[in-house]
Amino acid sequence: MTIYDVLVSLIASGLVLMALSFLYRENSWFTFAEQIVVGGLAGYGTAIGIRQVYYQGLTPIAQGMSWYILAIILGVLLFMGFFKRLAWWVRVPTAVLIGTGIGLNMRAGIETQITAQLIDTVRSISTPSLATNVNNLIVIIGVCCVIMFFFFSTETKGALMPVSRVGRYFLMVALGSSFAYAVMGRTSLVIARFQDLLSYPNYYTILIAALLILYDVLRHRKAL
Amino acid sequence: MNLESLQRIDSRWIFLAFLLAVAIPIVNPIGLPLKISDNTKKVYEAVERIPDGGVVVLTPDFNYDNKGELQPMMEAFLRHLFLKNVKVVSVSYYGAASPLLMEEAMKSVGLEAYGKKYGVDFVNLGYLAGDETAVAAFGANVHALVKVDYYGTSISQLPIMERLRTAKDIDLEISLSAGMNYPELYLRQWQTTYGTKVTGGSVGLIYAPLIPYISSGQLLGYLPSMRGTAEYELLSRRPASAIVGMDSQSLVHLVFIVAIVICNIGVLGSYLKSRRGGAKI
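Listed in order, the protein sequences are those of chains A and B. Here the working numbering is used: the first residue of the first sequence is 1, the next is one more, and so on. Here the working numbering is used: the first residue of the second sequence is 1, the next is one more, and so on.
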């Protein structure tokens with residue numbers, strides 16, 4: 001490990017601890033780390049944007065593909081929103097963006113997200129495996145009941161009520177599963193940070209952070 | 001004991017328990033057992049089935065905020081791919097920082113260690129703006145959209161790019177995604193349109209809504225966050241950071257379950273107290 005690597009590592013772990021210090025209480029170290037993230041990302045994003053315009057827009061024009069000027073003009077028109085009198089020009093590139101986006105999405109979206117999913121709902125409940133049959137039946141009942149839950153053309157009462165209620169229970173299970181996956185994912189992020197923090201030379205920064213928090217706790221006790 | 005008081009535990013105690021559950025297994029690994037799921041096996045087999053000399057497009061659609069979840073996954077995929085005779089093209093449509101993350105992954109994995117060469121076996125095309133438009137354009141004609149790689153080298157000078165003209169040339173797309181719409185986007189623009197096989201992995205937050213695509217066979221398996229990566233590392237016999245992290249993951253989940261139970265006992269305490277007092281909640 002070179003001195004440069006050690007320095008970069010210490011700065012990174014220092015910033016992580018500054019961000020984590022929010023768990024103790026809001027403080028200026030946390031704000032400092034927060035501002036660095038916002039500033040750094042804004043700067044990097046701008047640089048990447050300029051690079052994109054250069055390589056994807058200006059370079060092809062220089063190579064003779066003059067129709068790329070149209071794309072550049074549409075891009076420039078997006079900035080007209082900053083000028084009150086010219087703001088309506090923004091509608092032109094926005095219309096192109098929305099039109100292209102919807103067109104591309106619809107081209108394969110129906111097959112990908114509706115047809116293929118509907119086909120997967122048609123499942124056999126007479127396979128040799130009992131477990132598969134039960135699973136397939138649950139999928140069929142679940143899909144039908146949840147679709148019924150979102151059926152708004154008639155009032156949900158009578159025979160529709162229990163179907164809609166079962167649909168709601170299926171939705172709750174799905175949301176619970178989503179939430180559990182989210183918890184697992186967020187925990188993974190913390191674990192990865194701690195794997196970094198607990199490695200050499202980063203653990204020295206933990207010691208410094210712990211001493212700072214201890215000092216703050218003692219200072220507050222004295223003040224009381 | 002006043003059960004109601006369980007609802008007023010200082011949240012910092014929970015943070016402390018959480019941090020200890022994370023840190024202790026990192027310092028002193030426990031080695032809790034890990035079962036490999038059928039889903040992970042599907043992903044592994046999809047990579048194994050890439051034909052000799054085939055082209056893989058790896059799309060790291062995430063930024064530094066999701067590095068902890070997806071960087072080990074990207075490295076696990078790269079280690080597996082570099083053991084095979086395949087061409088790996090990296091390109092991102094989300095997350096302007098992903099080319100930097102790919103650079104970091106390459107440093108960690110090491111091209112030379114596998115006898116691979118930049119431009120011949122691997123290329124980093126960087127980030128392409130335009131989301132669905134860019135993915136569709138890439139699928140239709142790669143060379144019309146991409147002129148240079150991430151380092152500014154013309155793609156006409158990179159032998160690997162001769163193999164990749166349209167999405168039809170892609171033998172496997174590996175999507176590493178931090179956003180729900182990205183796997184769907186590859187399914188729409190490449191899988192449905194050109195028949196490209198799609199697999200990969202995502203952050204935990206967006207994983208559950210993607211399960212129907214695995215069930216329908218549109219996604220050839222998909223790895224969920226650190227757990228998926230750990231299983232993949234185990235299956236490919238190349239243990240790395242994700243397996244080490246799984247002990248912490250299990251302990252933290254235990255802390256969460258205990259915290260949920262304690263808080264609910266507190267709520268029950270309030271309910272019983274209100275019943276005794278005759279008031280309704």
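Keep in mind that the hints are not guaranteed to be accurate.
[Said to hold, decoys possible] SDA-like, lysine to any residue: derived pairs with alpha carbons at most 20 Å apart: (1) B/Lys147 to A/Gly49; (2) B/Lys147 to B/Thr166; (3) B/Lys147 to A/Ser66; (4) B/Lys147 to A/Ala12; (5) B/Lys197 to A/Gly43; (6) B/Lys107 to A/Asp196; (7) B/Lys197 to A/Gln195; (8) B/Lys107 to A/Gly39; (9) B/Lys147 to A/Leu70; (10) B/Lys147 to A/Gln56; (11) B/Lys147 to A/Leu58; (12) B/Lys147 to A/Arg51; (13) B/Lys147 to A/Tyr4; (14) B/Lys107 to A/Ser9; (15) B/Lys197 to A/Ala108; (16) B/Lys147 to A/Gly64; (17) B/Lys107 to A/Tyr4; (18) B/Lys147 to A/Leu7; (19) B/Lys147 to A/Asp196; (20) B/Lys107 to A/Tyr200; (21) B/Lys147 to A/Met1; (22) A/Lys157 to A/Ile147; (23) B/Lys42 to A/Arg51; (24) B/Lys147 to A/Tyr54; (25) B/Lys168 to A/Ala108; (26) B/Lys117 to B/Lys168; (27) B/Lys147 to A/Trp67; (28) B/Lys147 to A/Phe83; (29) B/Lys147 to A/Tyr200; (30) B/Lys35 to B/Pro239; (31) B/Lys107 to A/Gln195; (32) B/Lys147 to A/Ile147; (33) B/Lys107 to A/Ala12; (34) B/Lys197 to A/Arg107; (35) B/Lys197 to A/Trp67; (36) B/Lys107 to B/Gly130; (37) B/Lys147 to B/Gly130; (38) B/Lys107 to A/Ser66; (39) B/Lys107 to A/Met1.
FYI, nobody ran anything at the bench for these hints, they're computed from the structure.
**OP:** Mind listing which of the numbered hints don't hold for this structure, in increasing order?
**Re:** 4, 5, 7, 8, 13, 18, 19, 21, 23, 26, 28, 29, 32, 35, 36 and 38
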